[in-house]
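**Q** Which chain is which? The protein sequence lines are E and C, in order.
No gaps in the numbering here: position 179 of the first sequence is 179 in the numbering used here, and each next residue is one more.
Every position in the second sequence, counted from 1, becomes a number in the numbering used here once 1000 is added.
If you are wondering where the hints come from, they were derived from the structure by calculation, not from laboratory data.
Ideal Cβ placement from N, Cα and C applies to all residues, glycine included.
Treat each hint with caution, since some may be false.
[Claimed, not checked] Estimated spans, in silico, between C-beta atoms of each pair:
no.: 1; chain 1: E; residue 1: 211; chain 2: C; residue 2: 1270; range: 26 to 34 Å
no.: 2; chain 1: E; residue 1: 193; chain 2: C; residue 2: 1001; range: 58 to 66 Å
no.: 3; chain 1: C; residue 1: 1161; chain 2: E; residue 2: 193; range: 58 to 66 Å
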Amino acid sequence: MSAIQEVVTEAPAVEAVPKRAMTLSTGSSLVMLALLIAAPLFVKNFIIFQLTMLLIYALAVLALNILTGGSGQFSLGQSAFYAVGAYTSAILMEHGGVNYALTLPVAGVVCFGFGFLFGQPALRLSGVYLALATFALATAMPQLLKLGYFEYWTGGVQGLVVTKPDAPFGLPMSQDMWLYYFTLAVTIAIYIFSVNLLKSRSGRAFMAIRDNEIAASAMGIDVALYKTLAFGVSAGITGVAGALGAIAVQFVAPDSYTITLAIQLFLGMVVGGVGWLPGSIIGSAFIIFVPNIAEGISKGLSGAVFGVLLFLVIFLVPHGARQVAIVAQQLLGKLKKN
Amino acid sequence: MELFVNQILAGISTGAIYACMALAVVMIYQAIDHLNFAQGEMAMFSTFISWQLMQWGIPYWGAFILTLAFSFAAGILIERLLFKPLAKAPILTNVAGFIALYAIINSVAGLIWDFTIKQYPTPFGSSPFLGSQLISTHQAGMIGVTVLLLIALYFFFQFTRMGLAMRAAASLPESARLVGINTSWMIALGWGMAAAIGSIAGMLIAPVVFLEPNMMGGVLIYGFAAAVLGGLTSPLGAVIGGFLVGIFENLAGTYIPGVGNELKLPIALALIITVLVVKPAGLFGRPIVKRV
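Excised from the complex, chain E in its bound form (with noise of 0.2 Å):
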């Protein structure tokens, strides 16, 4: 068409993070630690899942966050991983026998590989292409688990049954209770991971490549191999968040892990505040909890609440509950000095 090739400034991906505005402060992580230890002595089995399923799927948003918040990458796909961590630690449990909390490592490391390969053709997208590819992964994934050649492994469309495991050493809680504490202790080792991975050398290496993929090449930086990585150690993450929902919710089947279930992860890092990884715990109980209060006013627009809520988020809190937490934290400051 023109002669002249288009130069584009593009606006940039997501917005620059101050490494120290990721984490909490140690007295606000132990309070917050104490309130997860001692919430599910006080309410019954089913909330119990609830607040399981909202440490899960935290561990899902905060793998997102350090694609999206550290390196800078999309991903609408996420549910693809959560899909096959789940799918190993069925698998694993039900054909192999193998203990549940074996199955979560391998889980992870099998995810790791599925990331790391994904993230080669993603390498060469940014953007809107990689939010797209990410996007049709989604969408593809139930169709493959669906897929004949592995029904007997996948149990096809009818999914499989795992079962929920009991309390080890004769442990006096219920089931529920159990799996509540090991979720919480699997989560609590993730997040310190991640805040060390963060610090680290490879965690600058991310921050580079988000705030300038050329500039960061410059300076000697592996662009390729930090953004695989960072795509590898997301679905990894993930993948482990996959296997302690199947092991939760007792049941994995192809039409679980649609890309709804992506879109709410992608909503979830949102709200929580990109970059920001405590904010994981927050945009994952927007994802439980807002659907329910959704229903509750208007049963058939449940998704339109939906909608409009997030739109409220972007428009009053763009940068999601860090905006609030740093708010507050002001507000606090102001009263302690009168």
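Given the structure of chain E, go ahead and fit chain C onto it with the hints provided.
**A** Then chain C, alone, in the frame of chain E:
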């Protein structure tokens, strides 16, 4: 050989659906540099509007024109209200906005018209076209409308003041503003046109896939695949990409063992990724150079 030719014909007729959708996707991409994930839902909503108008007794072509006008206005309204404030925001915020729009439209349509599948009339009839069992008159009409649309768009963008202004605003906004083009309204116009083209696509597709709130799910992915294959910057490429994707889908279904209906979406996925990796600009797109 006859099987081969027949499959290509069938591919062209399904390709017309994807071509329409891809054209709408490219239109909006041209105007705002974003892929609109809610495009399919917007088209679906417009199609429902036209169906409702026909239920009220308005003849097909009257409903067609009214729906076009409605979609055009609605597209502009959505841009002015929701996406203009986000123009400077990071890509991520925009993607979140599109997803929110998707959820809202889908759920509102479900509430108004519920989720039962509805028949949708065709103005072209559905008898075999020129004696061929593979292409019906509706599909031939669809191809015709797509080609007409493409020609109209070509003339609009090449020879009218407005079209040139829109192109200028899309490729170099700063310079366009300096020569007195209102770039902000050009973007709104782009939204309106994309919504109108989307509604045409929806009304043409509805007789084939039937009318229901989730009718656009698979079509949109194929529309994206077609747009990517043809190059996101080229309307002609999008249409050719649409036909190629349709042909490819049919041939893969016939000749590669094990690829049936159940693998439809994974094929689109494979296609998108292959094109993006091998030739990111698509067949007819211009490569984009980034300034540091």
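**Q** Decide, hint by hint, whether the structure agrees.
**A** Here is what the structure says about each hint:
Taking the beta carbon of each, residue 211 of chain E and residue 1270 of chain C are about 33 Å apart, inside 26 to 34 Å as hinted. Between residue 193 of chain E and residue 1001 of chain C the CB atoms are about 60 Å apart, so this pair conforms to the stated range of 58 to 66 Å. About 59 Å separates the C-beta atoms of residue 1161 of chain C and residue 193 of chain E, a value consistent with the hinted range of 58 to 66 Å.
Checked against the numbered hints listed earlier, the structure breaks none of them; every hint is satisfied.
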